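In order, the protein sequences belong to chains A and B. Residue 1 is where the first sequence starts when you use our numbering, and the numbers rise one by one after that. Residue 1 is where the second sequence starts when you use our numbering, and the numbers rise one by one after that.
To be clear, the hints were calculated from the coordinates, so they are not data collected in a lab. Just so we're clear, the structure is a prediction, and the values are computed from it rather than from any experiment. Glycine is no exception: its CB is placed at the ideal position from the N, C-alpha and C atoms. Please note: incorrect hints may appear among the correct ones.
Stated by the list, open to error - Facing chain A, according to a computed beta carbon distance under 8 Å, are these residues of chain B, among others:
1. G29
2. Y32
3. K49
4. Y50
5. I51
6. G53
7. Q102
8. L103
9. F105
10. S107
Said to hold, decoys possible - Sample of chain B residues lacking proximity to chain A, with all beta carbon distances greater than 10 Å (derived):
11. E15
12. L56
13. P79
14. S84
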Amino acid sequence: DSGVTQTPKHLITATGQRVTLRCSPRSGDLSVYWYQQSLDQGLQFLIQYYNGEERAKGNILERFSAQQFPDLHSELNLSSLELGDSALYFCASSVQGAGTDTQYFGPGTRLTVL
Amino acid sequence: AQSVAQPEDQVNVAEGNPLTVKCTYSVSGNPYLFWYVQYPNRGLQFLLKYITGDNLVKGSYGFEAEFNKSQTSFHLKKPSALVSDSALYFCAVREGKGSARQLTFGSGTQLTVLP
Numbered sequence: 001d002s003g004v005t006q007t008p009k010h011l012i013t014a015t016g017q018r019v020t021l022r023c024s025p026r027s028g029d030l031s032v033y034w035y036q037q038s039l040d041q042g043l044q045f046l047i048q049y050y051n052g053e054e055r056a057k058g059n060i061l062e063r064f065s066a067q068q069f070p071d072l073h074s075e076l077n078l079s080s081l082e083l084g085d086s087a088l089y090f091c092a093s094s095v096q097g098a099g100t101d102t103q104y105f106g107p108g109t110r111l112t113v114l
Numbered sequence: 001a002q003s004v005a006q007p008e009d010q011v012n013v014a015e016g017n018p019l020t021v022k023c024t025y026s027v028s029g030n031p032y033l034f035w036y037v038q039y040p041n042r043g044l045q046f047l048l049k050y051i052t053g054d055n056l057v058k059g060s061y062g063f064e065a066e067f068n069k070s071q072t073s074f075h076l077k078k079p080s081a082l083v084s085d086s087a088l089y090f091c092a093v094r095e096g097k098g099s100a101r102q103l104t105f106g107s108g109t110q111l112t113v114l115p
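This is chain B alone, in the form it adopts within the complex (with noise of 0.2 Å):
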C-alpha cells in the first residue's frame, strides 16, 4: 500500500528565507509523487510533480523538490519565501505499477511566512 507522512503539521519561516516543507512516502515500486497548495476556501492547485529523471523538480511560483530515494523523501523548497506563500500544503503519492491511479495524501503542512 502506499502511503505519505508529513511530519510537521506546521512551519513558520521569516519572509525572504528559505523553507523546506518535508514529506517522505512508502510504496513497494517507482514512486509518482506531487505536491500541491491549498488556500483558504480554494481548492487544491497543482505545484509540481516527480515521475522519473532528474531528482530535482522545478514547479510553479519558484517552488522545487528533490527526490531522494535512499532516504524516500520528496521536500518542498523555496529559495526566498513570500508572504503570499502562507497555505496548506500537501505532498501526494501514487504507485507507479498496478491499478491503483489515485492519489493518497499526506495529512497537510501549514506554512506561515512572517513578514
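Just chain A, with the same shape it has in the complex (with noise of 0.2 Å):
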C-alpha cells in the first residue's frame, strides 16, 4: 500500500456527462499527479499541483480540470466526457515535487465511458 488513496475505484458513466475524481496525498507529500493510462496512449502525464498551486501541465485537454485543496487532497474533473476518455486514471504524490522525488501511486479510478 502506498500511502495514496483514490476514489471511486470504478466509474461507468455516459458520454457527455461530467465526473469527479478524487486523490488523497501520502500524509506530509505536498505535490499531486495525475496520469492517465490507457491501452492507445499508454502512461501519460496530465497535471502536477505542489501545495495547491499548478506545477506542470502536460497532455490534458481543455474539458479536464484539477485541483488541489488546502488539505492537499486533489480532484481531478473530466466533463463533456467522450468514449475515448475511458481509461485508467492515477494520481501520485511525492514529498516536494522536486526531480529527484520518488512518485508514490495511488490504486486508479477505472472511468468507463458508455
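Put the two chains together into one complex; each comes in its own frame, and the hints tell you how they fit.
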C-alpha cells in the first residue's frame, strides 16, 4: 500500500457527462500528479500541483481540470466525456515535487464512458 | 524533450533464471531514472531509482538496475526470477534540470515467469 488513496475505484458514465475523481496524497506529501493510462496512449502525465498551486501541465485536454485543496487532497474533473476518455486515471504524490523525488501511485480510478 | 523506450513488449523467463528488462532513455541533460511495476488491477509500485552516484542501483524485491551513460540505458535485472514477479514493468525518466517534474514512461514490458 503506497499510502495514496483514490476514489472511486470504478466509475461508469455516459458520453457528455461530467465526473470528479478524488485523490488523497501520502501524509506529508505536498505534490500531487495526475496520469492517464490507456491502451493506445500508454501512461501519460496530465497535471501536477504543489501545495495548492499548479506546477506543470502535460497532455491534459481543455475539458479536463484539476485542483488541489488546502488539506492537499486533489480532484480531477472530466467534463463533456467522450468514449475515448475511458481509461485508468492514476494519482501520485511526492514530498516536494522536486526532480529527484519518488512519486508514489494510488490504485487508480477506472473510468468507463458508454 | 525527454523520452524512454522499452524495446520488448513481452519477456518470458523460466523460474530461477536471471531476468533482464531493457530500457533506453533520451534526455538533454542528466537523467533521473525510475522503474515501476504494475500488477493486474493495481497501481504502479516503485521499485528503484537512479539519481546520481553508483551505477548499480538496488531496489525492492531483489531487483537491481544498471545505469549506463554511454549506452543511455537503465536495464532492470534480477538474478533469480520468481513466478510472482510476473507483471507489467515500466521504465520512466525525468530530466535533471529544467522545470519539468513529470515522469515520462515507456510503453511497458510484460514479464512472464514460467514455473
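Against the structure, the hints come out as follows:
no.: 1; hint: G29; in the structure: violated (10 Å)
no.: 2; hint: Y32; in the structure: holds (6 Å)
no.: 3; hint: K49; in the structure: holds (6 Å)
no.: 4; hint: Y50; in the structure: violated (10 Å)
no.: 5; hint: I51; in the structure: holds (5 Å)
no.: 6; hint: G53; in the structure: violated (12 Å)
no.: 7; hint: Q102; in the structure: holds (4 Å)
no.: 8; hint: L103; in the structure: holds (6 Å)
no.: 9; hint: F105; in the structure: holds (4 Å)
no.: 10; hint: S107; in the structure: holds (5 Å)
no.: 11; hint: E15; in the structure: holds (27 Å)
no.: 12; hint: L56; in the structure: holds (18 Å)
no.: 13; hint: P79; in the structure: holds (24 Å)
no.: 14; hint: S84; in the structure: holds (17 Å)
Of the numbered hints listed earlier, those contradicted by the structure are 1, 4 and 6.
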